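K.L.:
Quick mapping for you: the protein sequence lines, in order, are chains L and E. Number 191 in the working numbering belongs to position 191 of the first sequence; there are no gaps in the numbering. Number 32 in the working numbering belongs to position 32 of the second sequence; there are no gaps in the numbering.
Hints may be right or wrong, so weigh each one.
[What the hints assert, rightly or not] Footprint (simulated), chain E over chain L, 3 or more residues, beta carbon under 8 angstroms:
1. 29-38
2. 45-58
3. 73-87
4. 97-105
[What the hints assert, rightly or not] Here are the computed lysine-lysine pairs in the DSS-like style, where the Cα-Cα straight-line distance is at most 30 angstroms:
5. E:K50 - L:K89
6. E:K50 - E:K37
7. L:K138 - E:K50
8. L:K138 - E:K37
9. L:K223 - E:K37
10. E:K37 - L:K89
Because the hints were derived from the structure by calculation, they are not lab data. All values reported here derive from a predicted model rather than from experimental measurement. Quick reminder that beta carbons are idealized off the backbone N, C-alpha and C, glycines included.
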Amino acid sequence: MNAPEPTANAKSALTLYDVALPSRMLIGTAQYPSPHVLASAVEASGAGIVTVSLRREQARGRMGERFLELVGALGVRVLPNTAGCRTVKEAVTTAQMAREVFNTDWIKLEVIANDDTLQPDVFGLAEAAAVLNADGFKVLPYTTEDLSVAERLLNAGCQVLMPWGAPIGTGRGLANPYALQSMRAYFPDTPLIIDAGIGAPSHAAQAMEMGFDGVLLNTAVAKAGDPVRMAQAFAQAIDAGRAAFESGLMGMRDMAQPSTPVAGTPFFDLKRGDA
Amino acid sequence: MVTQVEVRTLIVNGEAVMTAAETLADLVAERGLAEAKVATARNGTFVPEKARATTPLFFDDHIEIVSPRHGG
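Throw the hints in and build the complete structure from the sequences for me.
P.N.:
Written out as structure tokens, the structure reads:
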């Protein structure tokens, strides 16, 4: 396996764009049953980054003000997204508006190709990433596991990549673990965050065991029966998966091999089948 | 003398709106958002807050006025 050298601190912090973060979990702020549950779930997750969005203004701006107050009280970093953008221009303009409103140059870049799959438009994504990086943004692109697209994004100046686990909102886990493993192996030094499709803590643990640097999820927590406990469950799974990766997982074998020593087995000299 | 106020039809957040606002800053104020945390775009291009007062509005301009919201 490609485990790194053991570190003194097994829960080594995630660093993105030279910012050290307290957790390898990133969490979305949408779809919670109430603002209180949202705040409690984010706190329980331990996440250092929450994703946010921009939408058409309603209620003379009060909705936006209230949301900003809520997020501000969480004491975490906000990562605005360009969710729903379908063209380079929409995504770039949304990112610029987000930078002004949220006062951050970080952007979760989404350029969506298809409403049914919410698959990234990887061509538009690479183009928008280049424009935004040139404009001083720190771009975190929501992408596929495609290696050539990943290279384009890195060449465009991205220092973090966020491949999908499965399409947004499906909760299907890692749909293509082989390709994701290839991506991890091909870009050993690039922070890779699994973004979207995570439905259960076991999915998050699997991603972390594979050596991904973090997990971004929303629906699996927000739509849980008890979002606060589910946020804790994800935090534990992510910690466990990371610790397992850093510890070095055993390789798989095709055939069984006894774990108890064979030497000294009682009755070993008896012929099998004689009893 | 009758002062003529020019009224324009704009598309604001996807809806047709009649307004006498001459600049984007006027329009934002007209909607009670002068002090609100909003961001703006005109015809798909970002207009920074400082530039709203010098951004004129024309017939059929498409204006977006957005504010912070939950996101995934």
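K.L.:
Could you work out which earlier hints the structure fails to respect and list their numbers in ascending sequence?
P.N.:
none
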